[in-house]
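Asker: The chain contents come next:
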Amino acid sequence: MGMTMTQKILAEHADLDTVIAGQLIEAELDLVLGNDITTPVAIHEMDKMNYEDVFHKNKIALVMDHFIPNKDIKSAENCKCVRDFACKHEITNYFDVGQMGIEHALLPEKGLTVAGDVIIGADSHTCTYGALGAFSTGVGSTDMAAGMVTGKAWFKVPSAIRFNIVGNPSKWVSGKDIILHIIGMIGVDGALYKSMEFVGDGIKNLTMDDRFTIANMAIEAGAKNGIFPVDDLTITYLEEHSKRPYKIYEADEDAEYDGEYTIDLSKLQPTVAFPHLPENTKTFDEIKDVIKIDQAVIGSCTNGRINDLRIAAEILKGKNIAKNVRCIIIPATQAIYLQAMEEGLLKIFIEAGAIVSTPTCGPCLGGYMGILAAGERCISTTNRNFVGRMGHVDSEVYLASPAVAAASAITGAITCPCNL
Amino acid sequence: MNAKGKVFKYGDNVDTDVIIPARYLAIQDRKELARHCMEDIDVHFINEVKKGDIIVAERNFGCGSSREHAPLVIKEAGISCVIAETFARIFYRNAINIGLPIIECADAAKGIEKGDEVEVDFDSGMIYNHTKGTKYQGQSFPEFMQKIIKAEGLINYINEK
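So the protein lines, in turn, are chains A and B.
What the first sequence shows, in my numbering, is residues 682 to 1101, in sequence order.
What the second sequence shows, in my numbering, is residues 19 to 179, in sequence order.
Please keep in mind that the hints were generated in silico from the structure rather than gathered at the bench.
Below, in silico cross-link-like pairs of lysine-lysine (DSS-like), each with a Cα-Cα straight-line distance of 30 Å or less:
1) B/K179 <-> A/K738
2) B/K68 <-> B/K168
3) B/K49 <-> A/K752
4) A/K885 <-> A/K948
5) B/K49 <-> B/K168
6) B/K165 <-> A/K729
7) B/K165 <-> A/K833
8) A/K729 <-> B/K179
9) B/K69 <-> A/K755
10) A/K1004 <-> A/K752
11) A/K852 <-> A/K969
12) B/K165 <-> A/K837
13) B/K132 <-> B/K153
14) B/K150 <-> B/K132
15) B/K179 <-> A/K837
16) A/K755 <-> B/K68
Examples of chain A residues toward chain B, derived with CB under 7 Å:
17) K729
18) D804
19) T823
Heads up, the beta-carbon is just placed ideally off N, CA and C, and yes, glycines get one too.
Excised from the complex, chain A in its bound form (with noise of 0.2 Å):
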């Protein structure tokens, strides 16, 4: 029996010929990844073990990028015992402020992570990594630590769920409205403790970015992890970032899929999930109330890209954002930020009465930066939608691309960019 792209990836790097779905396994790392929130727990675990080092000091990524600059005092504390760590241990690529993104779009951009690697980290959208080619998956602070100190971590190799990507998407159909509709397809433990392999032709009319915001999301479905094949595009981004050796796996013809769908890009519109899973998706067609918002939300590691930022400022150019609706923008990199400067789309954000933030993950997971009251209601690119997770636990959050959030904002209600 044949293995899928993922399966060949694990097997690899667990010096194996062939692996099964089920089986456990030791696989060698080549990155584990932590932010501000997870690592100082992994340092707590990592205090209680016998070691001395860590097992490769250029193979750990340590990102400040969820309350920084610091948001209070904890925080400060947090960040500063990560310092400490990464100082002590001459951690090469620790991102601190100054330095720091979102770790999901930071990480591709340095360079860190490439096609053929096996990744793990400390923040459940790891899976980002997928959209290269790679094997990532998201773990807790003990298999952080863990992995820190012996470069390797446990896994049951997972079965795969093939997404076969036709067609060409229309004008306001990105990446997130994709994966928004596998999801409410499949639901959030569609794909539980399974591999979302994503291969056909339609797939060569994505973007990088696009490709990103896809694997971003495959944890919002239950997968271990997403992945994507490597094509000519992939190749041309993993040149212009990375000097590290890239590995092409392919799946074999002969793979076992636990489940196959088809998804024509053609016949996908913008799409809206409601409060309170990312699975309760809708159409514009099938929203027939007027939902008013209270804000509007663009960045995060899902949609907070370069060119999720043009199509952001395509839709407010010369526009204003409406009466009291805040309308909060985060590149989400330095280079993002600084690209969006020059390209003058800052400008047109500010001018709509937008605002443009440090990059953080701030809001996402109502950590600062945009904190919802009670009876609020915000139209968010993130990924998440519970109870809570940007604030009030009475207020509501809605998952859409930023063509959909930037709508939004100008006339204060949930807005296909199609009817404005």
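Since chain A is already given, all that's left is putting chain B on it; use the hints.
Answerer: Chain B in isolation, oriented as in the chain A frame:
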């Protein structure tokens, strides 16, 4: 190894944001953190929970974030076992790694109600509902996972090896 206690019952997709909201994640002291366990889904939980009590939920328990704080606060609050139809994968891994016993059993998840007295035998995977006089066969742990739980977590297990 057994767990025994009174049941707190929840439904599908109990996510890590309601288990421990992100607004508390900067807190490092576990006792202080655990005072907010389940706060956004059940404000009475933390005042009513007693050492040994059991959480029973339905599908996809622990979905969402990778925060290990979620199983940590459940354990710190005194919960001896979580039973669910299925668990989100990162939560499952984290629970094992920190030594919080969890067990998958669809029938138990459906049949057990809030307030029932329940006992779990980890060696056999049997779940006994003493209030209703029923029993269920849950999935027992592979040996290495039992060892990790007995050692109270992966780090102690690695140190003991």
